[in-house]
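Spelled out, the chains give:
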Amino acid sequence: MAKRGAAPLQGEVLQGTLDLLILQTLVLGPAHGHTIAHIIEHRSDEVLQVEHGSLYPALHRLEDRGWIASFWGTSENNRKARYYRLTRTGRKQLEHQTSRWAQLVGAINRVLKPASE
Amino acid sequence: MSWRRFFQREKWDKERARELEAHLEIETQDNIARGMTPEEAGYAARRKLGNTTRVREEIYLMNSAEFFDALWRDVRYAFRTLRKNPGFTVVATLTLALGIGASTAIFSVVEAVLLRALPYPNPDKIVRVWEQAPDGHPMNLADTNFDDFRAQNHTFANLAAYEYGVSSIAGGSEPVRINVAEVSSGFFESLGVKLLRGRAFAPEEQRLHGTPAIIVSYRYWQQYLGAAADLSRVRLSMEGGVYPVIGVMPAGFDFPPGTSAWIAHELYPELGSRNAHNFRCVGRIRDGVTLEQARADLSTIARRIKEQYGKDVDLNDATVLPLADAMVGDVRTALMILSAAVGLLLLVACTNVAGLLLARTAARRKELAVRAALGAGRRRLIQQFFAESFVLSASGGVFGILVAFCAVRALPAILPANLPQRGSIAVNAQVLLFALAAIVVVSAALGFFAAWRCGAGNPQEALAAGSRSYSGAVAGRRLRGYLVSGEIATTLVILIGAGLLGRSFVRLISTSPGFRSENLITMEFSPPIPQGQWGTGRAAIARQVRQMDDIVARLSAIPGAESVGLAGAVPVAQGDNLADGGFLILKDERSPATFDDWARMAKDPAHVGHALYCVAGAAYFRTLGIPLIRGRIFGEQDDFDAPHVAVISQALALQDWPNQDPIGQEINFGNMDGNLKPLTIIGVVGDVRAGGLNRSPSGIIYVHYRQRGMNANSSPTILVRSSVPPGQIVPAARGIFREIVPDVPVRFSTFADEMGGWLADRRFLLLLVGTFAAAALALAAVGTYGVVAFSVTRRTQEIGIRMALGAERGNILRLVLGEGARMAALGAATGIAVSLAITRLMSSLLFDISTVDPLTFACVAGLVSVVALLASYIPARRAMRVDPDVALRYE
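Residue numbers (our numbering), protein chains in the order written: chain F, 534 to 650; chain U, 495 to 1385.
With the rest of the complex left out, here is chain U (with noise of 0.2 Å):
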């Protein structure tokens, strides 16, 4: 057979038809020659030729290959028969497509932010190295370390420290605050990537003192350079420096995630400590090294300064990851979770259908056997059951892959702003790939039921029974009811994950923070230091102290503005927002007066605690609504030649100072804001969740801003407390900063927004899962009614037989709805067994609350019930209705 025939096969046939003609005429030709009359010379070639249908037949055979012929002939005869049963099909259809498509849009996600490599040259050779420390938490690094680990190693082609917060910047078209990076030599070159233009940090720009220079990011250099050719003349001024803009990275570079201008890290003095983990370290494993030499050899590096610094260093390993798996974290556990969420309603949507198929297959048993006994053999059957669920899961995966496109279309809406690659996501030809092989797998599985169910009857027996009933049917109907148990199970599965999810929720969005966090309004902003340095000295907090008065003052005469509180960072909202260190405490002995001297304490643990710094004013209490427990806030007399003073959280007093009191206690935090003056307690308030909501309250020393000022540990932050709506307030407070400090940016927002951001990775994976629930719910429930009502149709009879025989209708009630509610035991007996053994995969997204929560089992298990109750009641009320006297006749 050849494929260029079998595709012309009509053609061909014809040329046949035409040569078979030509003999004819020729073979009549010479019959008249012979001697016969014309119509027995036509007469007589025909019998010689024979039946030249057959012979055509017989050659039209020889191009066809049998098995496609019969596919396609069973894949045109699959669309007519789902043609003929629209409401099938649709449903069936549209089960599939929510499957498929929830699959595919869920796989996209999944797709760019795991599976997809790096957007850098031999990705894998990129890791992320941290200092382990004995409990074998990943610390960052301190820059002496680091610098071990970058002489001593034979395994790294690059080795790269770097780190990254929030600054001003200016000299742009208008002053912004982003993320800057300060990145030290072999930063790019771990990384892989070249400058989109001008060029990298040159020697003299990456050593101490050396040229200050800097490199935007595409967007930066879009959005306020105008996308300058020529860049020479362009300079930034940051934090009270200046740096000429050398070069401009690729767009798409976006590392550290969300930067915007690196800097030189060599510029500025190293610390020289081995235990200030302030830096971050990627690196790039030369060709031919493995993770685990590399890893072999930090280790080896990491134990040679333990050995040598003993309990100086805190370090006593290093930890070597890939960057890839670094960058993703957290977010693998909620991406897995979401696809085992959606893997499950793929289940329940093809149970479903399967379902469905078993009571079409059911119904279409007579047709089924009038083809055997015709004829069709066992295998051209189940083809044609597997062309049907071909048919139906190709259609269902069109319409599925359309909801993936729309889906993620509108998944940027919800999906939260941490999740790496984010922008990245897109149905692409992996993804379609996916779609396909779902499809595949889909209506393998679909047509291998079919066909198995179709292989369960004997046709004989089909044939020979009435429409109404026969052995087969009662098989059928038992094997629904157990698929309807499996939806119901699945269903339960998925629901107990966004139960226990919602229910973390709502346990995180209720618990107090420690302060009223309504009407608060944020205003985040960076006044300009004149030195580049924070000023500790009267002078530099005095100017300091006189611009944030002035800023309060007259923001607190807009009109709504109850309350204006100042501090160092906005509390709780992005969970990190405060620096936490080691402190001093005195016990009567005399305060260090050299950094040296501090060390030297810090090495006796009874000395030491440990807090979260947190700058603030009177007013920061009062305007949080932050209780006092004991003693008193900052006042009046606490200004910058009285005696320093401090206020503690209360877990921090019950921590440092239990069953003592601690006011009048003195500390030295000076390692914080580099300002050796003790601290003498003077007051106790209520705890504050800093380190975010699912958090235990963590020990705070807030110092008073009139005293130790902004420094390099605050960004400085408004807090107005409003009885009108941000927007009346907003305005306003934008004219006021613009008046006074008119080069600084500055964020405005609420509380409300900060807290929505830090918590919008749950509630992404709330938001999706729910749905989920929700949407196997609908399945399951159209699952068991479907199930029902099939067998309420069924037994019109029996039904009607014993109305007659006086059973009342509470008895016919019972009866249907416990088939419903036997379905439903049975699912939610083994989706509670199965929740029991999975829902500990999720522990990590729980909050407060145990993975074998019994309420939400209980309320899960009884929503579940409910529901395939509900589903039962339906056909339940129809049977209750049924006319003995039509029900008897009824065939």
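Extracted from the complex, chain F is given alone in its bound form (with noise of 0.2 Å):
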């Protein structure tokens, strides 16, 4: 579980950007929901805590958008599992979001910058 100290963002991450990290994750190959989930808090050195109460519905509404695509596989430890994987319109659109999203942190980076100095 979660390192209670280590001041996680949980439910502060910003509305879209689970979208855009579910998909940076499925980059690697077709994972499960808890895989990806994992993965996250795994790679964001547990700072991101994805709720997986909401990790679903993004999942449906990615699917819905014909990002992802979803099939019934195996899993590790020899479970049923429902696997995600990216579709070439995800994977464009994974581009396009991770470029929008330099951009809006390079952006409100730059109006911190003066305010800290």
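Worth flagging that the hints you see were computed from the coordinates, not collected in a lab.
Please read all numbers here as calculations on a predicted model, not as lab measurements.
Mixed in with the good hints, there may be bad ones.
As the list claims (entries may be wrong) - In the SDA-like style, the derived pairs of lysine to any residue whose C-alpha atoms are separated by at most 25 Å in a straight line are:
hint : chain 1 : residue 1 : chain 2 : residue 2
1    : U       : K508      : F       : D597
2    : U       : K508      : U       : E551
3    : U       : K505      : F       : L627
Said to hold, decoys possible - If we take Cβ atoms under 10 Å as the criterion, some of the chain U residues that face chain F in the derived model are:
hint : residue
4    : H517
5    : L518
6    : E521
7    : G544
8    : T546
9    : V549
10   : I553
11   : S1338
12   : I1368
Glycine included, each C-beta is placed from N, C-alpha and C at the ideal position.
Taking the hints as your guide, dock the two standalone chains into a single complex.
Written as structure tokens, this is what we have:
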């Protein structure tokens, strides 16, 4: 479980960012919901806590838009699990969203810098 | 949201459930791996995932269309609530079924008769053409004028003349009397029809004295020619000529209506007169030419004819009308009246249901208030009302469509025979679309109404108030009163329409035709004409007379045949059986020896009269009971060689010989029968309404069949006055005809039946409007009863108090009846005002009665009031029986 002292950003993940994170996670290859959440947490050094309750609606939304596709597979420990993979549109969206994100972050940083100096 | 998922939401939800299940399992496994106990691991996994139901709900909603979802819920809810109120539901559904069903059935007639395009290619290009008289009346065309129209126009692709009449045709499986049309070249091209079999007329069959040929209808071909594939040897004999059958028209081709065979007009010589209006005219306008251009073109030609011939022609313009309009003619007004009546009936039905809804809204106020209090938005409540009214009108509409199906099956029995396209009336796609539109409109109207009423009250007040009284109910009750008044007013309008039609009908059938019309058997036949021409000579007439006398003598011998008369037509019944024409009043001048002289004399208006021409025997007057007023009727002495004589009707005597004795006057009516021998008037007889019961008696000149013979302007008809039912006379008569003239078809009927045919369209209209009026009256009665009964129930306590304070039963009766009377009075006043404004639209369908006939208005208003009072009396009686003791405790 999360280390409470590390001030995880649970519930503060910006709206729409979760989508981006999911897409990025799937670049590595198909994964099921649990793995996706796990990878996001792991790669953010446990800073980003994915609320599992909002993960599935997000997956559903992405699938609905055709950015990811799903299939039933077998998990590492031999269980039935629903796997998601990136579609071609999803990949394009990821690139687009990533650059948008970079712009956004850059912009925010530029705003924040003078104040902090 | 994707539609696929919308419809598979259940399946998708299961998938998600499984997925979340899998997630929990994996997380639990991980937790165990981290060293938790299985129980702890499970709890932790669940905690982390959160409320799975909420997650599923969130996804489920993403797959939903909120609006449709709610609608579907509302429809189901509506079904449930309606099922819980079977009384209301059944009454409302049946009422709407009646309204929608009747409207749909009438629309099916309107659709077939007025709206459907004629079954010809580019039907809007087909027109009927007439000459127009200076007074604006259209007239048939004289053949010479037609020739000019055809030769000089620039706007028609085809223009054709035609006429038709009944002829006897032999050569098929049996001799029959059928309608045969004489059509000029261009006729079939004008209509754009191709033959089913064989060929159209060839040029040598379309010239004067050319080769005769005949084209038959599909029905005739089927019925009398055994649908023979090889027509090359089939020959039909008609009026003395022999006509090889060259073609068969396709099934359903019916122009002029009722025609069974077509022959070429050009085979016979033209009359050459510009005033003998004998031919109808149909044409096809060229592509790219408008109706107005065609009309202007023919007008120019007509004016040119007028300029050239001046007073010698009686046309001064041309009339051009689309064929569809021309065919529908008078029927349009009747159908419009019918549509209006049925529309009003639908309105009454809707009003009734609106009244019921209102009562229910009042009763459901609490339920609605609770729902509103629980958070149902106004929109949701309104949506629910729409769902309810939709369910109601849809079920009413489904029943209504069933009603319409049955009605359309039953309609042919009462439809008048002269209704165009009557065979093609059906509940087709258009009619169903109409029914659907009616359902949508009705449900929208009712939904708006209910929603509007629902918004009127304050839910808090409704919740707080007891079930008995709150201020919203008073407004509701008043509104219901107005609704019922509206219903009564609408009903009154239909009733007045029905009343006026009914009074006209009664006046019409009680109008004396001028003779005794009961127990009169009619027999129409065409004796063979040896040379194809009616002879006017002594030998030809003598032969006819011998044959007729023989038939009459044999018929007179049938037991029960009181009297047998002979004439040139069945009088009155068909309205236009007798030919009319101008005759010369000689006034001591010499009778013309040639038709040129005749025409020259006819130019002096002082010498010309106008009358119907009727060939008759002496026994005709006796048989029909036409009274002799002056002089004498035909006698033994009036044979062929004696001076020719005429009997005239009183109307003609008054018209042409006012203040004079017409007896002994000489006239010449040779233009009708080709015999220029002058006629001496020997008697004046009573008037006969020969043009139909709705027309005033016209002048008639009767000539003697022993002198003039049957001819082109008469169709031999024997009238038998019988003292026994027709069934006992007709078989014997049939045997006699078969024996004496075996090849001659005879049509047996009774005068009453012939009259019935003539009255059929009026009877049809009266019957339907009457039925609608009765239905509306019943609905209005139910509506009145409903309001008064509802109010009595609500006021039970008040009535109890009144009685406890000493009110008499009579006072209570007055109190309750007063409510009904007020609604009836308001309704009747409104209805009369509306009727006064609109009944003149039906003036052309009325006979001998004003469109604001006071008696009809008074009777109908009285009837409506009595019905409304009776409907209020039932609850009033209940109110009188209220036991004050019980009522005071009534909650």
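These are the hints, each one checked on the structure:
1. K508(U) to D597(F): At roughly 17 Å apart (the allowed maximum being 25 Å), D597(F) and K508(U) satisfy the hint.
2. K508(U) to E551(U): 12 Å, holds
3. K505(U) to L627(F): Violated. K505(U) to L627(F) sits at ~30 Å, over the 25 Å cutoff.
4. H517: 5 Å, holds
5. L518: 9 Å, holds
6. E521: 6 Å, holds
7. G544: 3 Å, holds
8. T546: 8 Å, holds
9. V549: 5 Å, holds
10. I553: 5 Å, holds
11. S1338: Because about 66 Å separates S1338(U) from the closest Cβ in chain F, which is outside the 10 Å limit, the hint is violated.
12. I1368: Given a least distance of 63 Å, the restraint on I1368(U) is violated.
Hint compliance for this structure: hints 3, 11, 12 are not met, and every other hint is.
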